[in-house]
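Trainee: Protein chains in written order, with our numbering: chain U, 1 to 469; chain P, 470 to 666.
The set of hints was computed from the structure by calculation and includes no laboratory data. Glycine included, each C-beta is placed from N, C-alpha and C at the ideal position. Don't take every hint at face value.
Unchecked claim - Covered, in the sense of this in silico footprint (three residues per stretch, anywhere, with C-beta under 8 Å from a C-beta of chain P), are these stretches of chain U:
| # | segment |
| --- | --- |
| 1 | 126-133 |
| 2 | 149-156 |
| 3 | 315-322 |
| 4 | 411-418 |
This is what each chain is made of:
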Amino acid sequence: MSSEAKTIFEKIWDGHVVKRVAGYPDAVFIDRHFIHEVTSPQAFDGLRKRGIKVFNTSRTTATADHNVPTKDQHLPIKEALSRHQVETLRTNCKEFGIDLYDLGHPYQGIVHIIGPELGLTLPGMTIVCGDSHTSTHGAFGSVAFGIGTSEVEQVLATQCILQSKPKTMKIEINGKLGKGVVSKDIILYIISKISASGATGFFVEYAGDSIRALSMEARMTICNMSIEMGARGGLIAPDDTTFNYIKGRKFAPQGKAFDDAVERWKKLVTDKDAKYDVELNFDASDIAPMITYGTNPGMGMKVTDRIPTVAELKEISEANSFKKSLEYMGLIEGTGLLGKPVDYVFIGSCTNARIEDLRLVAQIVKGKKKAPNVEVWVIPGSKQVEAQAIEEGLDKVFHEAGFELRSPGCSACLGMNEDKVPPGKYCISTSNRNFEGRQGPKSRTFLASPLSAAAAAITGKVTDVREFI
Amino acid sequence: MTMSKDKFTTLKTSAVPIASENIDTDQIIPARFLKATTREGFGDNLFRDWRYDGNNEPIKDFVLNDPTYTGKVLVGGKNFGCGSSREHAAWAIYDYGFRVVVSSFFADIFKNNALNNGLLPVVVSDAFLKKLFDAIGKDPKTQVDVDLPEQTISFNNEKEKFEINIYKKECLINGYDDIDYLLSLTKEIGEYDVAHS
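Model the full structure from these sequences, guided by the hints.
Mentor: The following block contains the structure:
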């Protein structure tokens, strides 16, 4: 192995270290910083207390997403605390000179959806945001990860973050995906294999021909859920799919600057002799439409499988947490989920609310009606996704099916805004977390792909989407 | 300007056990309580949905509602703090009165958030963690002794060394925060910024 051989992750990380002191975390320069209303107010307060400005305002972009209603966005937010938080973001952005895509703006949306679609997310960048799903941006071949509010303050104040360099993991998937299997199934499958903490301490690179064949939207879904196996982040080497997606986007380099950038981006590959700390391989043909049955994203299975029994657990120490989880979900060990009635279907979130996701759903539901026992919410990831969906007539498909198409925001992914699943109710959700109470107190979440969610919306129960294809 | 934070050197106290694995930050502080724009007061809603029922009545058998268990050390199962990056989770634990969290494994972002707020995450072996849970189960007044300069945690006759980044250790002992250090680098950072824009 040549001493110079590096992984893409190492090339980007090492290229951004402003100061490295033995034993200390690295001071890493941050190219792009996204902020939203929930994790930024205390950071701005910190700047005020210290009497300092934002280091470089052009490198931070803001939007309101977590705490916004998805109905009547033109009206003042009803709930006082939510309204105050969104107004605080507005005040802070104005005072410190930061671009804000506020409610009503044609670029507003979920922070991890708008960054890529505006061309703010580019290969080779370091990107952070006070949100764990910042890993989404890794799909472009960037080092992107979620941070806490103290770190948001660090970035605002110095455009740097102090961070220990994570270890590297390569996850390679080869082969052709089966019928009805999409990128959400790939990532749910991987997490079910390595557990919700299987990649903690690592930065993941996804590789293999199955990954190469995916669109940018599908790659973002995979990188988005890297955090659900504990990874610091996950990235995919950029290629023509990446460059074609970026070309012509609002803030991306244009003309000759774009061509020059592509030449630089093409060098973002892992060197032949580079070593990863861990390498894992999976076969795409083993992946089926997936669903989770428990209260962490690692508790997933093929939709046709049955829930494991306590006796089948790999580690006996997990037995109590496993039992507690099934009790919360109202499910029984050793049973299947096919045919289990659901009450809500949520299609949205930074995981699956891009235009391609809405197209997948429309493809299944076109000309059909939702089952009478379910309420179906479709929440586009951004104003631009919403506009595109309307232009393509997807709104009509959803309307005719009895789905509710609402305005952009994080919505029922996190039980923070008005959109919540009631106690005890089951929701099949295209989001990223099935934690206890995640979608509202005592709510019960089945994570699945947009295709599987669409199928469940039609039948009113957990369904193998392959029956519809 | 240096922001002074609470300093941490040693602590000897009883401990509060939550033996579940994968305690995610949505359990520590549910999203609907993240609407405040200050850092204070989150302790009231620490473990809100494990602590109170739908009518806001305390759930008797949850450990924080059981007066038998007190102390400034919180002991949790493997993969503590997974999920959302919300620093509010660390604020809530600190605001409630804890100064140390012990587990056999922490999620990365939570660990950073804790360290940035004077809350010490102590990683112990699975075996040590089990013995600690057992000891507290037998005697809720079991004293846990945490020594940051020595990097040791002990109770009864059990003792283990724990790892911590030397920089983070200095910060905790002296009450420094990261921004103080980064602000000392603004010249280099500015040069980097110009060279890479």
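Trainee: Tell me, in ascending order, the numbers of any earlier hints that this structure violates.
Mentor: Violated: none.
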